[in-house]
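A.B. asks: Listed here are the chains, written in short residue letters.
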Amino acid sequence: MITATDLCLALDGRAVLDHVSFTVAAGESVALVGPNGSGKTSILRCLLGLVPFDGRVTIDGHDVMREPIAARSLLSYVPQKAAFGDAAAHEVLAFVAKLRRLNRSRIPLTLREVGLEGHAEQRVRTFSGGMQQRLSLAVALLADTPVLLLDEPSASLDREGQGHFFEIVARLRKRGHTLLLASHRPEEVESLCDRVLHIDRGRIAAPATPIVRHARVIALGARGERR
Amino acid sequence: MRIRETTLVAARELHDAMRSRWFIVAAGCFLALSLGLAMLGLAGAQRSGLAGFDRTTASLLNLALVFVPLVTLSLGGLGIAGELEDGSLALLLAQPITRGEAYAGKYLGLLAAVTASICIGFGATGIIVGVAAGSGNARGFLALVALTLLLGAATLSIGTVLSVALRARARVIGAAFAVWLLLVYVSDLGTIGLTLARNLAPGQVFTLALLNPVQQARVLGTLALTDRLDVLGTVGAFGLDHFGTVGLPVLLAGVLLAATALPFVVGYVLFRRTAIT
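Read top to bottom, the protein sequences are chains A and B. Each residue of the first sequence is one higher than the last, beginning at 1 in the working numbering. Each residue of the second sequence is one higher than the last, beginning at 1 in the working numbering.
Since the hints were derived computationally from the structure, they do not count as laboratory data. Note that the Cβ used here is the ideal one computed from N, Cα and C, for glycine as well. Hints are supplied without guarantee of correctness; some may be wrong.
To be verified - Examples of chain B residues lying across from chain A (beta carbon under 8 angstroms, computed): (1) Glu5; (2) Ala90; (3) Arg167.
Extracted from the complex, chain A is given alone in its bound form (with noise of 0.2 angstroms):
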């Protein structure tokens, strides 16, 4: 479903990917794993467009940069830190309902999905951070896309947040969505995720290994920063 075949990527001067190579199998839940500043969101940008690489992606067969409005069809992104400028949260579905062609009665339930059905007409500007992240993964829920990427949504999450979030991000999974999480929480990684890819300086670092090998390699780097 995702292939990206030797990515390079330099951002004001400085080298940020290295000949990064992967694929991500249709219905494949698989995480990108590494230290602060390694590539991983920068990995996701690339699978976005958003970024001038070197290299080639592709979603389904269509190149990023060359079909960026078929690649990108086929995509959702929740980030880091959403925003949404000046629109209420029900104005911002709308928004992707109309640039997608979906049909707008769904809002209403996709709100609720989230839990935020009693903010539907409150300006985004006035969000806490946990809600508009829960706003960014409700425009990803409202698109349905085959592929969801995912760069540490649950990050401005408090704890009930992260699990209600962990529990439709499982729900996506089983329903056969692609997923590529870029994460530094091991129990996000081992809940969602089948696969990890241990990014390091740009560098894919490691071969991709199984879930249950690789938490256990992150639970001792963590303990290892502790020291």
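Once you've looked at the hints, dock chain B against the given chain A.
C.D. replies: Okay, now just chain B, sitting in the frame of chain A:
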């Protein structure tokens, strides 16, 4: 470029601009100043017996030449840089639209907001002056409205380039203010200085004026009011002499359109390559 998607982005931009406090303050100031100038013009007209629209148009021309670039340069400047900074541009471009659609939609939405603000300000003034002093030279007044919209489109376009090139709100606002000073005040002084220092011929002064959209608008606006050579000054007199009463307005309007199109295209070329981080 798809029309539907571009229009959707433009409608969202217009909606957001109309809601922003900054825009409401700017539009309110424009309306208040227009009405204030109209009232002063009317008071003078009662004493001197001049037609209401002529005097009002002359006052509003000067207001438009100073105020419209200030508003549009900063509005255009904040358009893309603001969304780059807060991350909302990444979410927009993660949707199935092209960069061209997003860029054009944002520009058109802001232009629609500026147009609405100018039409409300001048419209209210036009109605008051029309009722109080009769229609007079209403054509000159309407020409001023059209000219202001053209000037607004050109300076909004320059603001948009600044926004894409500088990427950060603080930098863009600083640069927008510097460009405003340059277009409205410094270029006049520069032209005068160069003319004195280098003994520039009228044709050279005219060419220099063609580089500045505010100067183009100034001559166009003055032409809409009068073709008296002493009022038009060196640039207008030279233009009128070489291009005639029809050719000069057409030339100046064409150059203003080019001053809109060129920065718009430059901004798009930059935006296509911009890393959305």
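A.B. asks: Tell me the hint numbers this structure goes against, listed in increasing order.
C.D. replies: 3
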